[in-house]
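Residue numbers (our numbering), protein chains in the order written: chain D, 8 to 651; chain X, 309 to 393.
By construction, these hints were calculated from the structure, which means they are not laboratory data.
Be careful, since some hints might not be right.
Label-pair distances were calculated between CB atoms; the ranges are [to be verified]:
id	chain 1	residue 1	chain 2	residue 2	range
1	D	D188	X	V313	34 to 40 Å
2	D	K175	X	V313	24 to 30 Å
3	D	V555	X	V314	24 to 30 Å
4	X	D390	D	L467	23 to 29 Å
Quick partial rundown of chain X residues pointing at chain D, CB under 10 Å, derived from the structure [claimed, not checked]:
id	residue
5	P324
6	F359
7	K383
For every residue, glycine included, the Cβ atom is placed at its ideal position computed from N, Cα and C.
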Amino acid sequence: MTKLDRPVIIFIGQPNSGKSTLFNAIAGYKAQTSNFPGTTVSHTHSEVYIEGKVLRIVDLPGTYSLNPVDPAERAALAHLFQEPPDLIVNVIDASLLGRSLELTLELLELERPLVVALNMVDLAEKKGVKIEISKLASLIGVPVVATVANRGRGIKELLHLCLDCLEKGGCRPVAPRWAADVEKYIQSLVKSLPPNFCGLANPRFTAIKLIEAGDTFCHEILEEISPELKIRVEEVRRQLEALRSMPAYEVLAAERHHLALKLFEKASKVERGRRVSFEEKLDSLLMHPFIGYPILIFIFALFFFLIFIIGNPLEQLLLKPWSWLNFWIHHQPGPPVLKAILDGLSQGVGAGLAIVFPYFLPLLLLMSFLEDLGYLARAGFLLDALMHRIGLHGKSVAPFILGFGCNVPAIMGTRILESSRDRLLTSLLIPFIPCSARTAVILAIVAFFLGPWWALGYYLFHFIIVAFVGRLLASFFKEPSPGLILEIPSLKIPSIKTILTKVLWQLRSFIQFAWPVLIAGSLGLSCLQLIGLDHWINQIFKPLVKDVLGLPANLGVTLMFGFLRKELSLLMMLQALGIDYLSLPQTMTRTDLVVFTAFVSLFIPCLSTVVIIWKEISWRAALLSILLNLTTATLIGSLLRLLL
Amino acid sequence: MTQRVVRLVEAPQGVPLRIIDLVGGPGVRRRLLNLGFHPGDLIERNSNALFGGPVLVKNLTTGTNVALGLGIAQKILVEIVDDQT
Ligand SMILES: Nc1nc2c(ncn2[C@@H]2O[C@H](COP(=O)(O)OP(=O)(O)OP(=O)(O)O)[C@@H](O)[C@H]2O)c(=O)[nH]1
Ligand SMILES: [Mg+2]
Numbered sequence: 008m009t010k011l012d013r014p015v016i017i018f019i020g021q022p023n024s025g026k027s028t029l030f031n032a033i034a035g036y037k038a039q040t041s042n043f044p045g046t047t048v049s050h051t052h053s054e055v056y057i058e059g060k061v062l063r064i065v066d067l068p069g070t071y072s073l074n075p076v077d078p079a080e081r082a083a084l085a086h087l088f089q090e091p092p093d094l095i096v097n098v099i100d101a102s103l104l105g106r107s108l109e110l111t112l113e114l115l116e117l118e119r120p121l122v123v124a125l126n127m128v129d130l131a132e133k134k135g136v137k138i139e140i141s142k143l144a145s146l147i148g149v150p151v152v153a154t155v156a157n158r159g160r161g162i163k164e165l166l167h168l169c170l171d172c173l174e175k176g177g178c179r180p181v182a183p184r185w186a187a188d189v190e191k192y193i194q195s196l197v198k199s200l201p202p203n204f205c206g207l208a209n210p211r212f213t214a215i216k217l218i219e220a221g222d223t224f225c226h227e228i229l230e231e232i233s234p235e236l237k238i239r240v241e242e243v244r245r246q247l248e249a250l251r252s253m254p255a256y257e258v259l260a261a262e263r264h265h266l267a268l269k270l271f272e273k274a275s276k277v278e279r280g281r282r283v284s285f286e287e288k289l290d291s292l293l294m295h296p297f298i299g300y301p302i303l304i305f306i307f308a309l310f311f312f313l314i315f316i317i318g319n320p321l322e323q324l325l326l327k328p329w330s331w332l333n334f335w336i337h338h339q340p341g342p343p344v345l346k347a348i349l350d351g352l353s354q355g356v357g358a359g360l361a362i363v364f365p366y367f368l369p370l371l372l373l374m375s376f377l378e379d380l381g382y383l384a385r386a387g388f389l390l391d392a393l394m395h396r397i398g399l400h401g402k403s404v405a406p407f408i409l410g411f412g413c414n415v416p417a418i419m420g421t422r423i424l425e426s427s428r429d430r431l432l433t434s435l436l437i438p439f440i441p442c443s444a445r446t447a448v449i450l451a452i453v454a455f456f457l458g459p460w461w462a463l464g465y466y467l468f469h470f471i472i473v474a475f476v477g478r479l480l481a482s483f484f485k486e487p488s489p490g491l492i493l494e495i496p497s498l499k500i501p502s503i504k505t506i507l508t509k510v511l512w513q514l515r516s517f518i519q520f521a522w523p524v525l526i527a528g529s530l531g532l533s534c535l536q537l538i539g540l541d542h543w544i545n546q547i548f549k550p551l552v553k554d555v556l557g558l559p560a561n562l563g564v565t566l567m568f569g570f571l572r573k574e575l576s577l578l579m580m581l582q583a584l585g586i587d588y589l590s591l592p593q594t595m596t597r598t599d600l601v602v603f604t605a606f607v608s609l610f611i612p613c614l615s616t617v618v619i620i621w622k623e624i625s626w627r628a629a630l631l632s633i634l635l636n637l638t639t640a641t642l643i644g645s646l647l648r649l650l651l
Numbered sequence: 309m310t311q312r313v314v315r316l317v318e319a320p321q322g323v324p325l326r327i328i329d330l331v332g333g334p335g336v337r338r339r340l341l342n343l344g345f346h347p348g349d350l351i352e353r354n355s356n357a358l359f360g361g362p363v364l365v366k367n368l369t370t371g372t373n374v375a376l377g378l379g380i381a382q383k384i385l386v387e388i389v390d391d392q393t
């Protein structure tokens, strides 16, 4: 048990109920939020000081029930059972109260200290649902607080209540009972549990999970620990099935469903015949079977051009001082070591500031807007049919779109997929999607020198590659994808504050983690050049760089750094060629530029991506991904060289 | 009261439908139950994405919106509920 002077509070709730937003409102922005069920796929911890007390709070992935069906849900439940918290905060989307209460009922069955945060009451009211808080609290037997997490409303009350529960040791609910005929069988199984059986929470809960969890809950080991119990469990299952003529787990699910609806009816009033809201009207356009597609294309094009329109002048503005600085360094007297270090530093700092930042910032802003609006799920809906062509379904669209931000969270995001086949296939395809760092550099270089249309074409070209490789990979998998089941969250117009907070947080992590790597890379290259080692590395890569791709051999050394972060290869191109940004066209032809960018952005998943594939899937998958990318990049690179 | 059991993909749009049965494997059934789709619930089928895309389904009982791939929508049996009753 945890020490009560630093109690642990976990946030559990159905996906998209606002757990991470609530967590951030308490702990400061630490957990990614967006209007998509399945944003959080692993836990985030934080220690907070409230009224002189230290609380350890944990944000978890959303889970629809305590019978997990995907790895993200399993991660949430591991926290609930492996290190029992001192208090559970069940976060509920008030606008979906009837359904959300099904999980609440399951949590009540645990009979552990519980508080309900009735979140999104603003949306519920908009929908015409009025909830009587005190009535709901007395019905379920635990305290309920109304909150609006994204505006910080109700947070104080919630924390106060949590502290109160922890201090007084209260808020322990009694498990709600079901229909007498069902309850009879549950109790009979409870009596058959061996006296020292290593169950969960309490005997009734253990019995329930034995009945309904199927293969997911210690079914195999049950055979070994207690064969008699296993026989009893199967007997009770058959009895329940005979009682309601449906599978046993559905009998229990139906019990909770009916109870939840009854609670919902008692605790709330639904106002009928209200006007259709602006969001709903907009939504029917976005999801329209015909109009939805032009809108999707329009949004994509707008996205692209806005980034370019904002990024381009910003880049021009920032490039000038940077080239002056470089010029100044080159013309200073001094020992070559010092000069090399200064040069490396200025290249690294300047590349981050003048090339990545101008495009990265608008990209983050727009992504954040689309995410918080809820467009990811809509895109998944619209693109499902297309995804079937490459052996996947619409749910993979969300990890793909996340991939445009960064491939690493995108691959973690595949945890929301139910089948391991879909997870593997999606993870293998994600490295082909240009992440924001790559996009920024592609825009900075391709669009800057060749014009925005080239960059757009280049982007589309990535989609074709994803489709092609996907098609190819899918033909190796015999079993079909199980198909799309995706909740579409209500459209939410995000506030500027929400967007800005999120973007600032992402920028901070770029400055903290990515920029130092850029600077270190540039410094590394400077040092290599100083001692002449770059020459040797170029020799090794020469067959590939010069003979296959027809590029200047000097670029070989940049590939080594590209493995760290792909944009490094492109940024270092100048340093490796020993030229200034603006004089690039004199050294590299248009074909050279396109071939090099294409090769670099495909040739190998960056180090962190390889590591995450290894961790999330397997080392075999990581290896396969490397080979797949290398082959594709070489093929595409040489093909482009011939065609252009 | 008219009673006609059809697959969700074949059901008309914009009218209340009652879920009669979910006939998928246990994985699909569990997912649907978790999302709040139970036999007996009233649902409404909305638009269909193009090119054999998914069906958009609204659960009138709980207020949830879910996109279901065609393969999944095949596995949901519904009856058409007469509005007058
Ligand atoms: N209108 C309104 N929006 C909210 C409220 N709380 C959160 N949101 C928004 O709802 C969306 C989902 O919030 P998250 O905090 O990411 O939800 P979550 O429960 O962590 O979701 P998962 O991690 O996917 O399980 C975000 O776009 C939030 O800005 C609220 O009280 N009112
Ligand atoms: Mg979350």
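I'd like to know which numbered hints this structure contradicts. Please list them from smallest to largest.
1, 2, 3, 4 and 5
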